[in-house]
Structures are given as C-alpha cells and as structure tokens.
Amino acid sequence: MSSAEGADWAGKPVLRIAGDMGILVEFGDAYAPAVSNAVLAFDAAIRQMTLAGVIETVPTFRSVLVRFDPLELPFDRLEARLGAMLAERDWYLAPPPQGRREWVLPAVYGGASGPDLAEVADLAGLREDQVAGAHSADPLTVAMLGFSPGLAYLGQLAQNWNIPRRTGITPGVPAGAVLVAVRQTVLPATPIPTGWRQIARTPFRGFDPRRSPPFLLSPGDLVRFQPVSEAQIAGFDMDEFMKGQP
Amino acid sequence: MRGLRILSISPTASIQDRGRQGLLRFGVSPGGAMDAYALAEGQALLGNAADDAALEMAGHGGSFRAEGEVWVSLTGAPMQASLNGRVVEWRQSLHLRDGDTLRIGATVMGVYGYLHVAGGFQTEVVLNARSTHVRAGFGHLPKAGDLLPAGLVPPKPVPLALPRPEYFDQRQIRAIWGPQSHLFDDAERSRFAAAQFGVSDKRDRMGMQIIPDYPPFHGDSGLSIASDATLPGDIQIIGNGTPAVLLADRGPTGGYPRIATVITADIAALAQISSGERFAISIVDRQEAVGALLEYRRTIGALPGMAEPVLRDPRDMADLLSYNLIDGAITGENDEQN
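So the protein lines, in turn, are chains A and B.
In terms of the working numbering, the first sequence is residues 1 to 246.
In terms of the working numbering, the second sequence is residues 1001 to 1338.
Just to be clear, a hint being listed does not mean it is correct.
[What the hints assert, rightly or not] Heads up, incomplete: computed chain A residues facing chain B, CB under 8 Å, no partners named:
(1) P33
(2) A45
(3) L51
(4) A52
(5) V54
(6) I55
(7) F61
(8) S212
(9) P214
Derived by calculation from the structure, the hints in this document are not laboratory data.
Bear in mind that the values here come from a model prediction, so they are computed numbers and not experimental data.
Glycine included, each C-beta is placed from N, C-alpha and C at the ideal position.
Could you put the whole structure together from the sequences, leaning on the hints where they help?
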C-alpha cells in the first residue's frame, strides 16, 4: 500500500479485530485531512456494497469500524474482502466525499452565548474581537459524530487553536454550544458535560429524535459558522432554516 | 388501560428492550438490557416478541399494582419478591388480577433483575426502541405514580417456568485481545491475562470499573489515542491504569486504548457479577468466540421450548384451599416442604 506523497499520515491501513462482531480498519493514529478522507471514502465504499451480514459501519477520526454478524458473514471472508478493498487503491488520495452538504450555521459569539471567549482569545493569541472572525473564516469538516447523539466533531482550525481541554468539567453545556479545544470544534446536539470551552452558540439543531431524518449532519459535511447578533436569531426556526437548504 | 401502576421504584430502574442498533455512526450507543439472556427468558415465559420491553432493576426493585389482568414474569438476578404478601418464584409466569400488588425488594444474588409483562411495556418509542438511555435523554424514566401500559396479547392458559441458568456462577469471563492490545507490551498483556479482577462499586449501565490484583500498569496518564468507535465489552485502560469494561450505555466513541474485548456470549455473565466479587479473564481466539456466540444464540433460541408448565400456581392454590379443605391443605403442606 503506497501512501500519498506529502500526506499527513505516512503509514498504511491496518485491519484489527474488534470483539467477536467487529473488524476495525485503521487508517491512522490521529486526525489528519488525508486520513479523514480515506476513512470517509472507505466507509462509503462498504456501504455501497451492502454486504450481507454487515450490521453497520462507523467512520471516525482515524478508522472505520465494521460491525457484522460472524454467523452470517464469516470473519475470514470479511477480512479477505476488506483486505482486497484496501489493496484496490490508495485511499489516502481519496477526494472528500461526493454529495457532501455545506451548512452555513448562524452563531452568536461571546457574551452569554460564548462565556469562555475571552479565555480562548488569550490562549489562541487573539484579541477578543478577532475570535468570531478567525473561528468562522474557513469551512470546517465534520470528521465524525460521537460522544453523545448527533454531537459533531469538526476539524480543523489553525495551529494557534491548539489549546488544551480544561482539567475540570462543566456539568451541562447546552445543545448548540460551539466548543473548542485541540484545533477542533465540537457542536453538541444535546446538553453534555464537557471540558471544552464555549465561544458561541447556534440555534441550529443537528439532532431531533422526533424529526425525520433525526440526524442532519454527516461525516464529511462542511460547516461554516456565520457570526450574527442575538437579535438576528431571535425568531430562528429549524423548519424555516431547512427550507433554505439545498 | 391495562398495566402496572408503579407505587414505588428504585432510582436505578429503567425500561429496556434490545436497544438501538445501527446508530453508532450518529453518536448513539445502543443501550438495551444489560442481561440480554434474562430479557429473552422473560419473552419466552410470556410468549412475547424478541423486541418487547421490560423493566430493568439494578440492586433493588419496587412495588407495583396491577390495573386489569396482566401476566408478568421475573428474570435475571433473583430478588426478594412477593405477590399480595406471598413469596413468588423467579423465572415463572405469574397471573395478576386487578389490584394485586407485586413487591420486589433487594437482589439475592447478581445485579440486574427484570420485570416483564405479557405484550411488553408500551412506553415511548424513540429511534425505534423503548430503551431508557439516561445519558442520551431517550425513553421513559419510570417513577412512582406512572402506569406502565401492557401490550395486547391473548390470555395465557398455563403458567410456565424456566430452569435457573448457570451463568450467575460463571467467574471465568472470556475475551479477545482488543483493537489496541498492540499498545501494551507482552509483559503487560501476560499480567492482564493471568490476573484476578475485583468488581468495583463504580459501575452503572455505561460500564464497570474492575480492579486487577496487580499494581495498575501505566502510572503516567499519557495513554490516550484519537477517539474511535467503542464496542460492548471493550476493556479500556484509563489514565491511572485502572481497567473499565464498556457496556450498553457507554460513550459511542472513546480515546482510551482497549486491551481486550469481552465476547458477546459472556457480557451478561460479567454484568451480573456483584460488586466486591472476583473473576478472571480468559483470552480466547476469534474462532472460539464465534463458537461461543453460536452456542449462546442456540440457547436463547431454545428458551421457548425449555419453558415448562408450572404444576402449581400459588394463586390458584389459595383458591383450591378454600374449595377443598382436606386435600388442598395436605397438598399445600407437602408443596411447601418441597
């Protein structure tokens, strides 16, 4: 398996046993754009095959978990199939996923909506009035959903955003909080405890169990935050917002 | 509406079915009964569907009053239980009449007991399942005063009973080396495989901390990796070196390395080990794990056929005593001594 010239990850994919009902296809040991693209392309390829016995696939920062029923699809056969797929092409050269959506999400930075903005400004070497502009300058990629229902991990901010998580935990940050640490942005869809710092809040809800579909964001989607004032989102309505989406 | 009115209930109780499958990619761990075998026993005793929901009780139960006629059964960890003051057996279907009171106390052994109703509890469905997932905010959280409605089913003519399963005594838990076992050197893996573990009281539906009989490896807290998907039974080694087993309500993704993964067939046995008790982990290969899975599914599939009619329903016996004083009294006495 050759790897992309200049790619972030110089290794090659590895298959690992993940319990008696899983094989983990590991593309890297950390998040990197080329690793993430490989993960998303491989995940899409397995889903397209609709292989009998595969229960679900789980794309993450650095791997794809294939959960399957070994009584329906023997271990050896799935392993051989995944190995053959890995050998077919250089997955690290895969482009970002086809048909990914681009979201523009209104967000109120600072104040009650971003109680930790001043602290983040200090840690990232920015003035407080620069944080919103710097954070929303470029679209961010949904690297994975995890931790809690619909919570999106967005990669990746510039190097100066490589700020540590807090050692203490804030017990309940609200759904829609825009949280930052380690060059990433986390967007929870339900209230969560967290050690990440909140710089903004969006009225967008990526998850609602009573909506169809319940989950809006998918790994690979692009998210751009649009700094707005409190007044501009006063009448925000998810149904109206979705009508404006492609 | 027919069902069970909750008079009092343990705060650890929740509604559980087989959980939500296929949503890990959206950040949803599956939930579902901690003891899937006990869930299946209840379905077999009552003729329920595999997906029907039961009430899971950890450590302690509650009091329930029947509204209308309902059939119920109790499975999993045996608990002290009585129906209108008479002791009731575990793993039997029981007929409750309107106003009957079922009291379920503390566990006698094990951890998770289940109260099933024929037709299943018809509580709220969220994302195709009724399982309460407290951390995710899904499903019904039972509290005193609630009516847990029972589904519609044809009346059951005879009470059934199942034999006591063996897994409550199982203290060898089988596991496969985990997806990050390569991050631990041979010496550490050998120690892990040879160890005895004590079950800590730090446990819930998310997972259980287990304390090895050797000093924890990795005194430093530098042992973390970029997060990826977690599996039920994953044994992760957290920063201070203490292992924890991830279970039904675990985080769907995690960043601690997982040294081993408990096989599917042994998860219920592990979840039922009481805090303070000890067990060992035997590492098996995947062929052995798949063989155990096949056996486990066969056993569960055979449960409806294993359920046998109960010769004596304590409730009917009470009636019998009043109708036929002599024979009834003698039979009753003999039965009490059996």
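Results for each hint:
Look at P33 (chain A): its Cβ only gets to about 14 Å from chain B, farther than 8 Å, so that hint breaks. A distance limit of 8 Å between C-beta atoms decides the matter here; for A45 (chain A) the minimum to chain B is near 15 Å, and the interface restraint is violated. Checking L51 (chain A) against chain B: minimum C-beta separation of about 14 Å lies over 8 Å; hint violated. A hinted interface residue such as A52 (chain A) counts as satisfied when its beta carbon comes closer than 8 Å to some beta carbon of chain B; here the least separation is about 15 Å, so the hint is violated.
The interface hint given for V54 (chain A) is broken, as the beta carbon of that residue sits about 10 Å from the closest beta carbon of chain B, more than 8 Å. Because the closest C-beta pair between I55 (chain A) and chain B is about 7 Å apart, less than 8 Å, the hint holds. Because the closest C-beta pair between F61 (chain A) and chain B is about 5 Å apart, less than 8 Å, the hint holds. The criterion of a C-beta within 8 Å of any C-beta in chain B is not met by S212 (chain A), whose closest approach is roughly 11 Å, and the hint is violated.
For P214 (chain A), the shortest C-beta to C-beta distance to chain B is roughly 6 Å, which falls under 8 Å, so the interface hint holds.
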